[in-house]
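Trainee: Numbering of the sequence shown is given in full-length UniProt numbering, commencing with residue 1 and proceeding in unit increments.
Worth double-checking, as some hints may not be accurate.
With a straight-line cut-off of 25 Å between C-alpha atoms, the simulated DSS-like cross-links for lysine-lysine are [claimed, not checked]: (1) Lys-400 with Lys-320; (2) Lys-401 with Lys-389; (3) Lys-131 with Lys-320; (4) Lys-44 with Lys-320; (5) Lys-389 with Lys-44; (6) Lys-44 with Lys-400; (7) Lys-212 with Lys-320; (8) Lys-82 with Lys-156; (9) Lys-400 with Lys-389.
I should point out that these hints are in silico values taken from the structure, not numbers from a laboratory. Just so it is clear, the structure is predicted and the values come from calculations on it, not from any experiment.
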Amino acid sequence: MGQYCHPFGEMFEMIHSYYLPSMIFVGLVGNLLSCIVFLNSHLKMRSSSYYLAALACADFGFLASLLLVWLNSTLEVPIFNKEGYCQCIVYVSSVCGFLSVWLIVAFTVERFIAVQYPLHRPQMCTVARAKAIVLYLLCIALASHTYVFLTSGIIKLEDGSQVCEMIEGHREAMRIINIIDSLLTLIAPLVLIVVMNTMITVNLIKFSKKFKRSGGGQSETMTRAKSEINPQILRSVSIRTPNRFPNSKSSSNNNNSRRNPSQQSFHSARSNNSFRKLVSFPPSKRGELPGSFMTDVSFFAEINSQKKLTSTRTQHSITKMLLLISTVFVFLNLPSYGIRLYVFIFFSIWSESPPVLLWCMQQMFMILYYTNFSINFLLYSMCGITFRKCLWQLIRKKLKKLSRYQCIGPTK
Numbered sequence: 001m002g003q004y005c006h007p008f009g010e011m012f013e014m015i016h017s018y019y020l021p022s023m024i025f026v027g028l029v030g031n032l033l034s035c036i037v038f039l040n041s042h043l044k045m046r047s048s049s050y051y052l053a054a055l056a057c058a059d060f061g062f063l064a065s066l067l068l069v070w071l072n073s074t075l076e077v078p079i080f081n082k083e084g085y086c087q088c089i090v091y092v093s094s095v096c097g098f099l100s101v102w103l104i105v106a107f108t109v110e111r112f113i114a115v116q117y118p119l120h121r122p123q124m125c126t127v128a129r130a131k132a133i134v135l136y137l138l139c140i141a142l143a144s145h146t147y148v149f150l151t152s153g154i155i156k157l158e159d160g161s162q163v164c165e166m167i168e169g170h171r172e173a174m175r176i177i178n179i180i181d182s183l184l185t186l187i188a189p190l191v192l193i194v195v196m197n198t199m200i201t202v203n204l205i206k207f208s209k210k211f212k213r214s215g216g217g218q219s220e221t222m223t224r225a226k227s228e229i230n231p232q233i234l235r236s237v238s239i240r241t242p243n244r245f246p247n248s249k250s251s252s253n254n255n256n257s258r259r260n261p262s263q264q265s266f267h268s269a270r271s272n273n274s275f276r277k278l279v280s281f282p283p284s285k286r287g288e289l290p291g292s293f294m295t296d297v298s299f300f301a302e303i304n305s306q307k308k309l310t311s312t313r314t315q316h317s318i319t320k321m322l323l324l325i326s327t328v329f330v331f332l333n334l335p336s337y338g339i340r341l342y343v344f345i346f347f348s349i350w351s352e353s354p355p356v357l358l359w360c361m362q363q364m365f366m367i368l369y370y371t372n373f374s375i376n377f378l379l380y381s382m383c384g385i386t387f388r389k390c391l392w393q394l395i396r397k398k399l400k401k402l403s404r405y406q407c408i409g410p411t412k
C-alpha cells in the first residue's frame with residue numbers, strides 16, 4: 001500500500017500494522033462482553049437487547065474474518081489464500097457485514113415506533129418479535145450470500161503466488177451483484193437510518209422541552225395522576241360500601257355501567273385489598289371521607305405517576321443510546337460508502353478502473369469502516385449507565401465464584 005499512496009504510505013503502513021490489530025482485539029473482546037451482558041442480565045427483558053446482542057455477534061464474526069485476512073497479509077499466515085478457507089472467510093464477512101447494517105436498521109425502526117407511536121409499543125416492541133426479526137434477517141443473510149462460493153476462489157499470479165480473488169469468468173455477474181449490494185447495504189439502509197434518526201431526534205427535543213417546562217416533570221405528572229385517579233377510587237369506594245354513602249345503590253349501578261376497560265385495569269389486586277382496609281374505618285361525618293383515606297389516595301397516585309415517569313425516562317434513555325449507535329454508524333460508514341458510490345457510478349458501471357488517489361482514499365476510509373465493528377462496546381460503557389452496572393455485577397459475580405473455587409480447591 002505504501003508505494004501506491006505517496007506521501008501517506010508510511011502512515012498507512014503504521015495504521016495497518018499497529019492500529020488495525022489493536023482495534024480487532026478490542027472489538028473481539030468488547031463484542032463478546034456485550035453479548036454476555038445483554039443476554040445474561042436483567043437487560044434481556046428488553047427487546048432492544050436482542051438486537052444489540054445479535055449486532056455484537058455479527059461484529060464479532062466480521063472482526064474474526066478480518067483478523068484472518070490481516071494475519072495473511074502482515075504475518076504471512078497462509079490461511080486466507082487457501083482453497084475453501086478463501087470462500088468461507090469471504091462468505092462470513094459478507095453475511096456479518098449485511099447483518100450489522102440491517103440490525104441497526106431494525107432497532108432504529110423499533111425505536112421510531114416506540115417514540116412516534118408509544119401506544120403501539122407494548123404490542124410491537126416485544127422480545128418475541130425482536131427474536132423473530134433477528135432470525136429472519138439471519139436467514140436472509142445466509143441465503144443471499146451463497147453466490148460467494150461460486151464467484152470467489154484462488155487465483156495464481158505470474159510470480160507463482162496465490163491470492164483469494166474474484167474469478168474472472170464471473171466478472172459480469174459480480175457487476176450486477178454489486179449494483180444490488182450497493183442498494184441493499186448502502187443506499188437503502190443509510191436513507192432509512194438518517195430519516196428515522198432525524199424524526200426521533202425532533203421528538204426527543206420536544207420531550208426535553210416539555211420536561212423542563214413542567215419543572216422536571218414530576219410535580220405536573222403527580223398532579224395529573226391524582227386528578228385522574230381520585231374519581232376512580234371514589235367510585236370504587238362507593239361500590240364496596242353501599243351503606244356508608246347516600247344514594248349508593250344508584251351511584252354504584254351508574255358507575256358500573258359507565259366504567260370503561262382502562263378504569264377497570266387500574267384496580268389491581270393489591271390496591272383493592274388496600275382500599276378494602278381503608279374503607280373499613282367509618283367516616284367522621286356522614287358522606288365524608290377520612291383524612292387518612294385521602295392521604296393514602298395521594299400516596300397511590302404518587303407511586304403510579306412515578307412509575308409512569310420512570311418508564312418514560314427508561315424508554316428515552318434506551319432511545320438516546322440506540323440513536324447514538326446508529327449515528328456513529330452513519331458517520332463511520334458514510335466516507336467509505338460515499339467513495340464506493342462515486343466509484344460505482346462513474347467507473348464500475350462503465351467498466352473503467354478508478355484512479356490511484358480514489359483507491360488510497362478508500363483504503364483510509366475502510367479503517368473507519370472497520371472501526372465501526374469495534375466501537376459499540378465503548379459506546380455502551382461510556383454512555384450506558386445500566387449497561388455499566390450490569391457489566392460490573394457480572395464481573396463481581398464471576399470473581400466471587402473464582403475466589404470460592406480457589407478457597408475450596410486446596411481442601412479437596
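Trainee: Which numbered conditions among the earlier hints are violated in the structure presented, ordered from lowest to highest?
Mentor: 1
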